[in-house]
Amino acid sequence: MNHILIIVGVLVLALTIAAGLIWVERRLLSLWQDRLGPNRVGPLGLGQVLADMIKLFFKEDWIPPFADKPVFVLAPGILVLTILLTFAIIPFGPHFYVFNSNIGILFFLGNSSLGVYSIVLGGWASNNKYSMIGAMRASAQMLTYEVFMGLSLMGVVMMADSFNLNTIVEAQKGGWFIIPQFIGFVVFFIAGVAETHRLPFDIPEAEGELVAGYHSEYSGMKFGMFFVGEYLGITLISALIATLFFGGWLGPSFLPPFVWLMIKTFFFIGIFILLRASLPRPRYDQLMTFGWKVLLPLALLNLLITGAILIFLK
Amino acid sequence: MSFSGNTIIDELALKFGGQAVLSQQLTQDKITTFWISKDYLVPILKYLKNEISGPFKMLYDLTCIDERTRTHREGQPPSDFTVVYHLTSLERNEDLRIKVPLKDNYTLPSITSVWESANWYEREVYDMFGVIFSGHPRLTRILMPKSWQGHPLRKDHHTRATEIDPFSLTDKIREDEELNLTFSPEEYGMKRQSDGSDFMFLNLGPQHPGTHGLLRLVVQLHGEDIVDIVPDIGFHHRGAEKMGERQSWHTFIPYTDRIDYLGGVMNNLAYLLSVEKLGGIEVPERASVIRIMMSELFRIASHLVWLGTFAQDLGQLSPVFYTFSDRERIFDIVSAITGARMHPAWFRIGGVAHDLPDGWEKLMQDLVNYLPKRLREFDKMIMKNRIIKARTVGIGVFTTEEAIEWGVTGAGLRATGYNWDYRKTRPYSGIDQFEFDIPLGKNGDCYDRAIIRMEEMRQSLRIIQQCINNMPAGHYKSDHALAIPPRKDKTMTDIETLITHFVGVSWGPVFPSGEAMVPIEATKGSNGYYLISDGSTSAYRARIRTPSFPHMQMLPFISKGYTIPDLLSILGAMDFVLADLDR
Numbered sequence: 008m009n010h011i012l013i014i015v016g017v018l019v020l021a022l023t024i025a026a027g028l029i030w031v032e033r034r035l036l037s038l039w040q041d042r043l044g045p046n047r048v049g050p051l052g053l054g055q056v057l058a059d060m061i062k063l064f065f066k067e068d069w070i071p072p073f074a075d076k077p078v079f080v081l082a083p084g085i086l087v088l089t090i091l092l093t094f095a096i097i098p099f100g101p102h103f104y105v106f107n108s109n110i111g112i113l114f115f116l117g118n119s120s121l122g123v124y125s126i127v128l129g130g131w132a133s134n135n136k137y138s139m140i141g142a143m144r145a146s147a148q149m150l151t152y153e154v155f156m157g158l159s160l161m162g163v164v165m166m167a168d169s170f171n172l173n174t175i176v177e178a179q180k181g182g183w184f185i186i187p188q189f190i191g192f193v194v195f196f197i198a199g200v201a202e203t204h205r206l207p208f209d210i211p212e213a214e215g216e217l218v219a220g221y222h223s224e225y226s227g228m229k230f231g232m233f234f235v236g237e238y239l240g241i242t243l244i245s246a247l248i249a250t251l252f253f254g255g256w257l258g259p260s261f262l263p264p265f266v267w268l269m270i271k272t273f274f275f276i277g278i279f280i281l282l283r284a285s286l287p288r289p290r291y292d293q294l295m296t297f298g299w300k301v302l303l304p305l306a307l308l309n310l311l312i313t314g315a316i317l318i319f320l321k
Numbered sequence: 101m102s103f104s105g106n107t108i109i110d111e112l113a114l115k116f117g118g119q120a121v122l123s124q125q126l127t128q129d130k131i132t133t134f135w136i137s138k139d140y141l142v143p144i145l146k147y148l149k150n151e152i153s154g155p156f157k158m159l160y161d162l163t164c165i166d167e168r169t170r171t172h173r174e175g176q177p178p179s180d181f182t183v184v185y186h187l188t189s190l191e192r193n194e195d196l197r198i199k200v201p202l203k204d205n206y207t208l209p210s211i212t213s214v215w216e217s218a219n220w221y222e223r224e225v226y227d228m229f230g231v232i233f234s235g236h237p238r239l240t241r242i243l244m245p246k247s248w249q250g251h252p253l254r255k256d257h258h259t260r261a262t263e264i265d266p267f268s269l270t271d272k273i274r275e276d277e278e279l280n281l282t283f284s285p286e287e288y289g290m291k292r293q294s295d296g297s298d299f300m301f302l303n304l305g306p307q308h309p310g311t312h313g314l315l316r317l318v319v320q321l322h323g324e325d326i327v328d329i330v331p332d333i334g335f336h337h338r339g340a341e342k343m344g345e346r347q348s349w350h351t352f353i354p355y356t357d358r359i360d361y362l363g364g365v366m367n368n369l370a371y372l373l374s375v376e377k378l379g380g381i382e383v384p385e386r387a388s389v390i391r392i393m394m395s396e397l398f399r400i401a402s403h404l405v406w407l408g409t410f411a412q413d414l415g416q417l418s419p420v421f422y423t424f425s426d427r428e429r430i431f432d433i434v435s436a437i438t439g440a441r442m443h444p445a446w447f448r449i450g451g452v453a454h455d456l457p458d459g460w461e462k463l464m465q466d467l468v469n470y471l472p473k474r475l476r477e478f479d480k481m482i483m484k485n486r487i488i489k490a491r492t493v494g495i496g497v498f499t500t501e502e503a504i505e506w507g508v509t510g511a512g513l514r515a516t517g518y519n520w521d522y523r524k525t526r527p528y529s530g531i532d533q534f535e536f537d538i539p540l541g542k543n544g545d546c547y548d549r550a551i552i553r554m555e556e557m558r559q560s561l562r563i564i565q566q567c568i569n570n571m572p573a574g575h576y577k578s579d580h581a582l583a584i585p586p587r588k589d590k591t592m593t594d595i596e597t598l599i600t601h602f603v604g605v606s607w608g609p610v611f612p613s614g615e616a617m618v619p620i621e622a623t624k625g626s627n628g629y630y631l632i633s634d635g636s637t638s639a640y641r642a643r644i645r646t647p648s649f650p651h652m653q654m655l656p657f658i659s660k661g662y663t664i665p666d667l668l669s670i671l672g673a674m675d676f677v678l679a680d681l682d683r
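Line by line, the protein sequences are chains W and B. Counting in the working numbering, the first sequence runs from 8 upward without gaps. Counting in the working numbering, the second sequence runs from 101 upward without gaps.
For the record, the hints were derived by calculation from the structure and aren't laboratory data. Remember, predicted model here, so these are calculated numbers, not experimental data. Take these hints with a grain of salt, some might be off.
Stated by the list, open to error - Dumping the calculated DSBU-like pairs for lysine-lysine here, alpha-carbon to alpha-carbon at most 30 Å:
1) W:136 / B:246
2) B:291 / W:300
3) B:660 / W:136
4) B:489 / B:660
5) W:136 / B:203
6) B:203 / B:246
7) B:588 / W:300
8) B:157 / B:480
Said to hold, decoys possible - Computed footprint of chain B on chain W; a stretch qualifies when at least three of its residues, placed anywhere within it, have a C-beta under 8 Å from a C-beta of chain B:
9) 37 to 49
10) 288 to 296
Heads up, the beta-carbon is just placed ideally off N, CA and C, and yes, glycines get one too.
Modelling step: build the complete structure from the supplied sequences, incorporating the hints.
Spelled out as structure tokens, the structure:
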């Protein structure tokens, strides 16, 4: 019974944060862009979230006649599903988690690889040239960034001696992993931005070039799923960064552990939005070059040094 | 025939024989104008472009005049349609206007073998006048839809929709129009496959976030690499030149505002300089300085829009808000002075609409003090950003020779390192009295074009500062009888002025017959109105030469081999406006 409550709680939490981010992002962007943003609906414009959701639900959910219908419908679901599944492994407090997995990190990496299918299939099934180019770009980008996303985490795994996120958090009681694993953090953060296709890594949708990229043909709630999927992704990556490098729910005891995790998570969500407000978009081949030629060697180097130091200390 | 005084015409007569040059024509703008027979057209143009010392390398404009209802043609060879070639020699700083008469047979040889850039111009003349250019690679309509009946700029074509039967859009018409827009690569001699793979034909526009308006580019892609581009323009065509023949000299002013709709009064200036040349009107010093000040203000406004959208094309979301809010400050001043914002239509024949309001100096000075700090911020935020540099340095490169060959003016030409600014080379409205520098680039790439515009804003601020410090006293409008509407102070006391006022306002002023064109350095390159008066209340022909047209024509040439994101950099750095392109 308790377990089911936690599952529902985490689901509601993740979806609420993701929906709330619609408002947070628009308000923060407008703050940085010298304007007000949505402030008309409800107090501080918070009702905007509700209004946007009602709009998405009631919009005509049009499937183009030239699309591959089953795949077209399936694609957005995959994205939301894989991300929501990953929330299961995140420890929100000492005993507040859905699934205490011994292969937590591998579970996350596996799910994020599956998430790529959503975009590739969605772009392919749309049968639209812009979507197709977007999907192609997405698969190339993911292929590149998945590689060292995993590698960048290996330093943390070695230091905690476990794939289990609870153990990793416990292992940071002596000090957060951000200090010894700074390179790992930088690489993981960049890979995380790429994973969620946020600016400056939004080349699969690159508004000015590809209209809306892989989801050009989507409308109504199916578009809404891509939309919410993106925010879920941001929340997930931010929560993971907080858990893996910033001690997760650890913190002084005047606040409950859960609140500490939320504070840390929202800090990184803010950074995601700030990045979007400030950076232009590189060309995809420059992105690829950066990935293979800079980040991959960096991740490997980090792995090597961490390993060497750990062996030396033993 | 012998022509006294003009060495070029004498040289041509000597080289090609007496019958090559038919006659010389004197125009108000003092541009050497002469008529040649169409048999000599291609060799003469080839000679002028390639062999003469101080060659005329740039085809500045190519247009046509329907002469069939023109009355004042003294000394001109008989002609139904006259094709006009406007050449510019940057080396000599001199222009040539060459006219070819067409009588009964409306066919003449194409000059695309001499200038590739003649391609679109000849298509436009064909589209508008039905003149056939033999040997043109693809003589089809360019601005009007394929289905259009007749040639709009012919004098027998209707001016208003009310002159024809009411139009109704049936399903059949809609389907046919959609069919007309279907792209067929074979029509353009393009292949559908390469050796190993199929090409993708991507339809960019007419509705696309990166094209800044109704522009359609059909991009032939190999992967993401651009093989070729076919620009399809004309979606924004509103018949501005035809309106110029309909409106009076005075009432055409508001239409010019909407040509380069970001340039505001800069368009008025280009038009009025030509009008005043026709009428021989001297503009008072104060009016000239006010005009310069307002034009430079609009140059900054236009460049700010460009800067924001340029950054947005490269994926940077925020600068567009900063630049637009600064542009709002400029519009606050513009509305305080003129009463309007984007399209003030504030310049008048012989001056400006009214004097500057009290306290204008403070408004202007506040802006001049405020903007440099913001420009430094933009420099840091945009121009020094490494991703922006990676996206623009070495992209869309062309050399000075290529720029001149394609008729590129403005920042595009200066980015190649060639020092050519009409404000310096052909000073107008007393701009030679001001101190300012012309920024130059080196590499001719997108980044250089952008950095030049940044610097141009600073130089414009310098000019405005000098205007504030040295605004001359005097009248804001000329006393000339053709300056419409005349100043009010005399109107109520002097019957002659009252009559002139009445006639000028009810019918419009009558300008003496003749031809004039004054090129100016507009926001996007060189803009010029080639006006022909037949001694009437409106222009007999109002040709609008805009910079965006040749720049867009060059797009396929400079984009080949780059990728789709690069195409957006190139479009962003080009700084075009669709109304300026299609008129």
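Hint-by-hint comparison with the structure:
1. W:136 / B:246: 26 Å, holds
2. B:291 / W:300: With Cα atoms ~36 Å apart, residue 291 of chain B and residue 300 of chain W exceed 30 Å; violated.
3. B:660 / W:136: 20 Å, holds
4. B:489 / B:660: Holds, at roughly 20 Å.
5. W:136 / B:203: 50 Å, violated
6. B:203 / B:246: The given pair, whose Cα atoms are some 27 Å apart, holds under the 30 Å limit.
7. B:588 / W:300: Distance ~74 Å between residue 588 of chain B and residue 300 of chain W Cα, so the pair is violated.
8. B:157 / B:480: 38 Å, violated
9. 37 to 49: That given contact holds, which follows from 4 residues of the stretch 37 to 49 of chain W lying within Cβ reach (below 8 Å) of chain B.
10. 288 to 296: Holds, because 6 residues of the stretch 288 to 296 of chain W bring their Cβ atoms closer than 8 Å to Cβ atoms of chain B.
Checked against the numbered hints above, the structure breaks hints 2, 5, 7, 8 and satisfies the rest.
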